[in-house]
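There are 2 protein chains.
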Amino acid sequence: MTEQNLQILLASRPVGRPSPDNFEFVHTPIPSPGEGQVLLKIRYLSLDPYMRGRMSAAKSYAASVEIGQVMEGGTVAEVLESRHPDYAAGDRVLSYSGWQAHALSDGTDLRKLDPQQAPVTTALGVLGMPGFTAYAGLLTLGQPKPGETVVVAAASGPVGAAVGQIARIKAARAVGIAGGPDKCALVRDAFGFDVALDHRSPTFAEELQAACPDGIDVYFENVGGKVWDAVFPLLNTFARIPVCGLVAQYNSTGPFDGPDRLPILMRDVLTKSLTIRGFIQREFHAQRPAFYREMAQWIAEGRVKYQEDIVDGLESAPEAFIGMLEGRNFGKLIVQVS
Amino acid sequence: MTEQNLQILLASRPVGRPSPDNFEFVHTPIPSPGEGQVLLKIRYLSLDPYMRGRMSAAKSYAASVEIGQVMEGGTVAEVLESRHPDYAAGDRVLSYSGWQAHALSDGTDLRKLDPQQAPVTTALGVLGMPGFTAYAGLLTLGQPKPGETVVVAAASGPVGAAVGQIARIKAARAVGIAGGPDKCALVRDAFGFDVALDHRSPTFAEELQAACPDGIDVYFENVGGKVWDAVFPLLNTFARIPVCGLVAQYNSTGPFDGPDRLPILMRDVLTKSLTIRGFIQREFHAQRPAFYREMAQWIAEGRVKYQEDIVDGLESAPEAFIGMLEGRNFGKLIVQVS
Numbered sequence: 001m002t003e004q005n006l007q008i009l010l011a012s013r014p015v016g017r018p019s020p021d022n023f024e025f026v027h028t029p030i031p032s033p034g035e036g037q038v039l040l041k042i043r044y045l046s047l048d049p050y051m052r053g054r055m056s057a058a059k060s061y062a063a064s065v066e067i068g069q070v071m072e073g074g075t076v077a078e079v080l081e082s083r084h085p086d087y088a089a090g091d092r093v094l095s096y097s098g099w100q101a102h103a104l105s106d107g108t109d110l111r112k113l114d115p116q117q118a119p120v121t122t123a124l125g126v127l128g129m130p131g132f133t134a135y136a137g138l139l140t141l142g143q144p145k146p147g148e149t150v151v152v153a154a155a156s157g158p159v160g161a162a163v164g165q166i167a168r169i170k171a172a173r174a175v176g177i178a179g180g181p182d183k184c185a186l187v188r189d190a191f192g193f194d195v196a197l198d199h200r201s202p203t204f205a206e207e208l209q210a211a212c213p214d215g216i217d218v219y220f221e222n223v224g225g226k227v228w229d230a231v232f233p234l235l236n237t238f239a240r241i242p243v244c245g246l247v248a249q250y251n252s253t254g255p256f257d258g259p260d261r262l263p264i265l266m267r268d269v270l271t272k273s274l275t276i277r278g279f280i281q282r283e284f285h286a287q288r289p290a291f292y293r294e295m296a297q298w299i300a301e302g303r304v305k306y307q308e309d310i311v312d313g314l315e316s317a318p319e320a321f322i323g324m325l326e327g328r329n330f331g332k333l334i335v336q337v338s
Numbered sequence: 001m002t003e004q005n006l007q008i009l010l011a012s013r014p015v016g017r018p019s020p021d022n023f024e025f026v027h028t029p030i031p032s033p034g035e036g037q038v039l040l041k042i043r044y045l046s047l048d049p050y051m052r053g054r055m056s057a058a059k060s061y062a063a064s065v066e067i068g069q070v071m072e073g074g075t076v077a078e079v080l081e082s083r084h085p086d087y088a089a090g091d092r093v094l095s096y097s098g099w100q101a102h103a104l105s106d107g108t109d110l111r112k113l114d115p116q117q118a119p120v121t122t123a124l125g126v127l128g129m130p131g132f133t134a135y136a137g138l139l140t141l142g143q144p145k146p147g148e149t150v151v152v153a154a155a156s157g158p159v160g161a162a163v164g165q166i167a168r169i170k171a172a173r174a175v176g177i178a179g180g181p182d183k184c185a186l187v188r189d190a191f192g193f194d195v196a197l198d199h200r201s202p203t204f205a206e207e208l209q210a211a212c213p214d215g216i217d218v219y220f221e222n223v224g225g226k227v228w229d230a231v232f233p234l235l236n237t238f239a240r241i242p243v244c245g246l247v248a249q250y251n252s253t254g255p256f257d258g259p260d261r262l263p264i265l266m267r268d269v270l271t272k273s274l275t276i277r278g279f280i281q282r283e284f285h286a287q288r289p290a291f292y293r294e295m296a297q298w299i300a301e302g303r304v305k306y307q308e309d310i311v312d313g314l315e316s317a318p319e320a321f322i323g324m325l326e327g328r329n330f331g332k333l334i335v336q337v338s
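The listed protein sequences derive, respectively, from chains A and B.
Numbering-wise (full-length UniProt numbering), the first sequence opens with residue 1 and increments by one.
Numbering-wise (full-length UniProt numbering), the second sequence opens with residue 1 and increments by one.
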C-alpha cells in the first residue's frame, strides 16, 4: 500500500465548544512538487488558541478557514523533495502547512531551522509566534518599568510564561495566574515568577489583591473571563493592557448576561487614564530579528525557560485542541505528526 | 452696606442628576491679600462636565470637592489688589478660583491674559482647557491621517468643536454629532464639519453608518451612552479611541442593566487591534506652548471658530451647570460673574 497524505479538514463550524465532528479526516495522494516548490513532511504541528477564531465565520483579523479546507497551523517540517533553489532534501523548516502530514510550499512561508542551535519545536513556541507575541506585546505596548507589577494569565502557556520571564528580565514583578497546583508550581519554580496564583481558588480575587500590594501596572490580557474581573479593580493610573487573546470567551456564543460592565470599564479608562490595546504579533514584524537574537540569548543564559506538551500523532490533534481551550495542556501544546 | 463675597459651596453630594439643593450660597467678607498674594475679582467662571466628577466622593484623577468647600472651576479674573511682585491691579488673569466672586491667589494658579490678543473668555474655551483637551487628545492619541474619518460627539461644545476643526486642518474627514437641528447647523455651517448628525434622530445609527462609508478611524469619546453603540460597529482595524469624558453616564448610578457589552468590546479590541486610551489634558502639559501658538494662529486665520454661551450672574451657575449635563448649553458655557 502506497503511503498517503492524511489531512484534517474543517467539517463544520462549532457553536460554542468545538467537538470532534467539526473535523474530518481524509486520505489523499501525496502531491508532487512543481517547479519552484518543495514537498514537506510535517514533523510537528502547533496547536494555538487563535485557531478557534479561524473555525468561525465571524470577521476577524484573519480570514476564516472554509468548510472542507485543511485546518491552518504553524508546523515544523522536513524537506522531502525540492524543486526550489533555496531548499534541499533534509532541510528542517518552519512552515505554515496546517493540520496534515505532507504539504507543498513555494517557499514564501518557509524559514530554515538549525537543529544545532535550538530544538526545532521551539520554533513553534518560545522562539516562535507565541514567544514573539509575548516579546512584542509586553515590550512595545506593556512597557514594564523596573519595580512595576506585571500580571499575566495562562502563565504556564507559551505566551504567559514568556511574558512573566521577560517582565522579570526588565526588573518588573511578575504575577502569574494558572489553573491548578501543578501549573502554579511550574510558573513559580521553573519560570521564576514572583507569585503564582490558581484562578480556581475560591479566594482568587483576594489572593490577587494580596499579591499586588502596589496595584497592577501592566495586565497582559490573553484569557478574559473571570480573571479580568479580579484584575480590573487593581489597575493603577496609566496601566497598560495589551490584549492578544480571550481564550475564556472563545467558546461563548453570547449575548452575555448583565449587568453591563462596559460603563464601569469606560469610567475607569477615563479616571485612571488606562490604555487598552488589542494586537496581533505580525503588526510588529520589524522586531522579529531583535526577538530571535534576544530570546535565543536569554534561553542560552537560562533566563528564559520553556515547557512543551507534545502529544503523539496527527489523529490526536482535534482532541488535544479541544482540551487546550479548556486548559488541559501543560505548556506549549505541539502534535508530533511523524 | 459693604460689598461682600458670594461663594457657592458644595452642600451635598448628588445621587444621579444634581439638583439646586446640592449647592449652597454664602456671603462672606472679602478677604485681604497677605504678602505675596493678590485679591481677584472674578469676571467669568467656566462650567465644564468634569465638575460633576468633583461633586462625587468616588475616586478619580482629581480629589473630590469636600462638602462645605467652594465648588472648583477655571475663572477669568481681574487683579483688584496685589502684594505679589508679578501682578498689578488691573491685570487680567486666568485663575482657578472656583464658584465665587472674589478670591485670593498666591500666583501659582495664575496666567496673565492679554485682552488685545484674544477675548479673555477664550482662555476658558478654545484657547483654554477644552481646546487643549481636543488638541492634545486628538493629535497625540488620535493621530488622524489625511483622508481618515474622525467622529466626535458633543460637537457643538468646546472640545468637540475643536476636535473636528483640527481634524479638518489635518486633512481628515470630520463627522460631528450633536443634539438638535440648531446645534447641527452650528457644527456644519460655522465649524465646517463634513457632516453633522443629530443623535436624537430615530435613524441615527443608520445615518452615522451612511456618513462613514469607509468606517471610523478615530472616535474621540467625550459622551459615552448610545452614541458609543452606534460608533462601535463602524470602528476600523487600528482605530484609536481617546477617552476624555463620558458625560452621558456621569449622572448614572449603576449597576447597569444587561446584556453585558464588555465581552463584545474586548472581542473587537482584539480582532480589530483597537486602542482605547483615557486621558486628561494635564498629562500633556509639555505641549501647551505649541497649543497656544498653533491654536491662536488657526483662530487668526479663521480656520478654527468657536461659540460661547454666556449666562449672566454667579447665582445662575447651578442651573446652568445642571442644564449643561443634559446638553442645554449652546457652545462653551461660561458664567459672567461680574
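Keep in mind the hints are simulated off the structure, nothing from the lab.
One should not assume that every hint holds.
Residues on chain A that point at chain B, a partial pick, calculated with CB under 8 angstroms [claimed, not checked]: (1) R13; (2) F204; (3) D260; (4) M266; (5) S273; (6) L274; (7) I276; (8) G278.
Using N, Cα and C, we set each Cβ at its ideal position, and we do this for glycine too.
Okay, the hints, checked on the actual structure:
1. About 16 angstroms separates the beta-carbon of R13 of chain A from the nearest beta-carbon of chain B, more than 8 angstroms, and the hint is not met.
2. The closest approach between the C-beta of F204 of chain A and any C-beta of chain B is roughly 19 angstroms, which is over the 8 angstroms cut-off, so the hint fails.
3. A hinted interface residue such as D260 of chain A counts as satisfied when its beta carbon comes closer than 8 angstroms to some beta carbon of chain B; here the least separation is about 4 angstroms, so the hint holds.
4. At about 6 angstroms, the closest approach between the beta carbon of M266 of chain A and any beta carbon in chain B falls short of 8 angstroms, and the interface hint on this residue holds.
5. The restraint placing S273 of chain A at the interface with chain B holds, with a minimum CB-CB distance near 5 angstroms, inside the 8 angstroms limit.
6. Using the Cβ-Cβ criterion of 8 angstroms, the hint placing L274 of chain A at the interface with chain B is satisfied: the shortest such distance is roughly 5 angstroms.
7. The closest approach between the C-beta of I276 of chain A and any C-beta of chain B is roughly 4 angstroms, which is under the 8 angstroms cut-off, so the hint is satisfied.
8. Given the 8 angstroms rule on beta carbons, the hint for G278 of chain A holds: about 4 angstroms separates it from the nearest Cβ of chain B.
Hint check: violations occur at hints 1, 2; the rest are consistent with the structure.
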